[in-house]
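Chains as they are written, first to last, in my numbering: chain A, 46 to 243; chain B, 11 to 512; chain C, 23 to 355.
Hints in this document: simulated from the structure, not taken from any laboratory.
Hints may contain errors.
Straight-line C-alpha distance at most 30 Å; calculated DSS-like pairs for lysine-lysine [to be verified]: (1) B:Lys-160 with C:Lys-96; (2) B:Lys-385 with A:Lys-142; (3) B:Lys-46 with C:Lys-335; (4) A:Lys-142 with B:Lys-163.
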Amino acid sequence: MSLDLAIFVISALVAVFGATMMIFQRNPVASVLYLILSLVGQAVLYVQLGAAFVGAVLIIVYSGAILVLFLFVIMMLNLRSSADLGEPSPPVSRFVKYFVSCLIFLELSFIIRESLGAGSTTSAGIVTMADDSFGSVESVATLLFTRYLYPFELTSVLLLSAIVGAVIIARRATEDELPPQPEKAVGPISQKTNEGQE
Amino acid sequence: MDFQLPPYDLKMMLPEIFLFLWALVVFTFDLLTNRKKETAIGYLTLVGILITGVLLAFTGYGRGFGNMFFNDPMARFFKIIFLGAAFMAVGSSFGILKQRIRNHRGEYFGLILLSTVGMMFLASSQELLSLYIGLELTTIPLFVLAAFYKDDKLSVEAGIKYFIVGAFSSALLLYGISFLYGMSGTTDIVQMKINLAITHLTFTNIGMTLVIAVVTMLAGIGYKLGLPPFHQWVPDVYEGSPTPVAAFLSIGSKAAGLVAFAKIFVNGLSAFHGPEMLPNDWGQLVALMAILAMVLGNTVAIWQTNIKRMLGYSSIAQAGYIMIGMVTMNVYGLSSVAFYMFAYMFANMGAFAIVTVFEDKTGSTQIASYRGLSKSAPGLSLTLAIFLLSLAGIPPLAGFLAKYYVFAAAVEKANSADSASWLYWLVGVGLITTVFSLYYYANIIKQMYFSREDSPYKIPVSAPAMMVIAICLIGVILFGVWPEPILQFAGDIPASFGFIAR
Amino acid sequence: MLEMIIISSVKVIVVVVAVLTCCAWSTWLERKVVAYMQHRMGPTLAGPFGLLQPIADALKLIFKEDLVPKSVEKVTFALAPIISFVPAILTFAVVPFAADFEFFGYQVTGIISDLNIGVLFVFAVTSLGIYGIVLAGWSSGSKYSLMGALRATAQMISYEVGYGLSIIGVILVANTLSMKELVEMQGSDSIWFFQNWFVFKQPLGFLLFLTCAVAETNRCPFDMAEAESELVAGYHTEYSSMRFSMFFISEYANMLAVSAVGATLFFGGWQGPLLPSVLWLLLKMFLFMFFYIWLRGTLPRFRYDQLMNFGWKVLFPLALLNTMITAAFVMID
């Protein structure tokens, strides 16, 4: 049991540390790195809770794909010196931010302390759910394709609209608006990298 | 392993499925016609919305996908509002398509349709997961639509602001929902209601956790509705985005937010309303937001010089009035909200349609450019005046009855119980701020009619825009004098939420 | 409990040492094979057949000066080689390297950790390997490195989807995500010992996996992240000495990891007659490694937009098709 506790404490600390450092970094690349660290910590927590599938998917989808894209974009913009990153916010607004954050943190910890009474946040619903197969690929899949089939299918409509939207936003002016440009044949990446260089 | 699919009844969601497929048809049509036939695409979209409306009329009450999809009176009523808003937004978009949007026309209409599909799914969801996805499906196309003038800085700013605020508010809402799920162990709203009540009676400490859930979800939905203190994005987004999109935002997105609010709070958290469970009472929190909305929206609107910004602040104020009906947890509350939204749709869409045609011709959204418009475009000026008066709540227009029913519901509730007497305050603030609102609505009428200057603008109105304006005009006047059919329809809503007349 | 920990630790140490050793002699193998393909001799002086060449190389790299250019981001620059090295080694945690055996009276399983989501673990871990390359390129503060990193990212996004989908077929057929069960499923006692290998049930899936695996390891013909003829040395242009050799080792460790995963998923892992099970796995991995080197010796480099096209327009649809066909067959069964 103590090993479990140790793993929990370490990974929870890593997750919180990563998330905190992510916010405090001025450098976006460092932020992304700390976010990855935080995600890894969270994934370990999921695995420890028996939801290994969720943990693996968290790593594959977020760390493996989404954050790589983040890094890609950040590198493309090539923000490096502190001049690129803009002025730090004025002390007053910074103070307000910290103050409000601390307030919310205190509030949350107060509420959590208050509700730490025996079994306060567990209910009949949760207890019945936690059987052996909880969190396994099979049980997740079974739920996803039977009981939650409707929201699952709805997600595909959502993704479609997001894709259409992303294409519209990201696509540059079409032939209707601009004369065709000769350098277009070089490919989308090379153009952008050239712009990104100093 | 045995797979037990829930009994799915696709017949129930026929309008939604049809509209979704129609959106794909619109995308494809745009491609096949080489992106040239913008008018044809517009009409195609209008036809699709009309057919969906007909399908909706033939789809009765009932359930689909187990308990996940539910055509209750509220869903059907609000689906009419969504379709109406989409219809009018599309109808008034023909002008900007000719002039400002030279590519992605099919996508413009298709995204409006997809957003409408999201709203319709949202209205029918009986479960937090699909509710959330429906809300996302509503807003994600709207982010893109808000930034549709890609060469216009204001529009891009509007898109980015709306995107960041929207993403943030969704995250907040989801955070709150996760607390609800943690406490109740279910995502089904009705089951959640029961589980929460049981948990609340068994363990006393649930209240504090519920506070986090309520506050975060209120913030999330408050952003979507533009309720203060989560309203800052509203004027900027309304000003920057294409005018029909702003109109669609003000009706469709707001109605979607209202449905989400009604489902989560009025239905799911109904046990935690009222002073007898004080730490968990969300009603007074919402009332506070409503008061802020009415006061802030109506006063700040007075100083606006841009008509779209003014309408933005006006919509903040209107959201405040609507929330009065929401916190009135009695048999009249929800039906008054539905009627309010219905009347508001005609007046607001009509006003925005006229702003659109004016902008198409003059390129201006300044209130000052409306000076003397009554001489050069008397019909249009009169119509705009009627819409504005309806927004202000002047009898015999629909806007008056809407406000009347909301206030009446609140007064009735306040009369019925001592503990609800704070609703009097709400009504009082509502009445006073209505008088404020008259000032800025009348200001435009003053500019149009009582200015010595002559307007240089002759405003041509295209056929679809004319149709939209005519429909709105008829709606505003007709339902102001003959509200019975709508009231009867809306009167079914509270029963499905468990409010039954004694 | 204590025994378990000791046994696991011993297994970990043995596997890591074995992998590192294999890495070292993979470099020798590569040089030899490419040399013979080009009618050269390759390394011959250090030891018989030049077998001691890797040791000489290692010594040279260790004693080289550790140059750190001024323009680098120090922390990430130092972290990058480690980040690229660790995932490659971690993969071996779920690769079954031998049949269960008895060792001084203890029953030992031939796998470090039999996760029930082993295949997913592999993909989770390998997807992290890209950060080593990306960070190296970014933190070096050099154009060539940045270009290499950008290319690596674009490349990774393009093939990762196909890579993930290519093994869905195997998972569908096997109905498990555990690497151990996958291997056991492919065993056969008959004289046709290979009859249950998934490569015969999933030929298209295997080809897709093989192609994506080459891209995954940034090997020729998909080595545009290094592309020595265009980008000097790509993402590790600014690295020298031990830091460089870390990248060098991790490239080979990655190849070995992918080979091991490929052998496990498609060629029955350690299953095979007569020979000890470990040797069978090594043999199969050797075939994969030989294939890699063979590719390098023969094929020219893709242009990276060609790779992106290839990933999205060929690999991805084919992988989807494979998944759908497999799913249909599984359902009919």
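For each hint, the structure was consulted:
no.: 1; hint: B:Lys-160 with C:Lys-96; result: violated, 40 Å
no.: 2; hint: B:Lys-385 with A:Lys-142; result: violated, 53 Å
no.: 3; hint: B:Lys-46 with C:Lys-335; result: holds, 28 Å
no.: 4; hint: A:Lys-142 with B:Lys-163; result: holds, 28 Å
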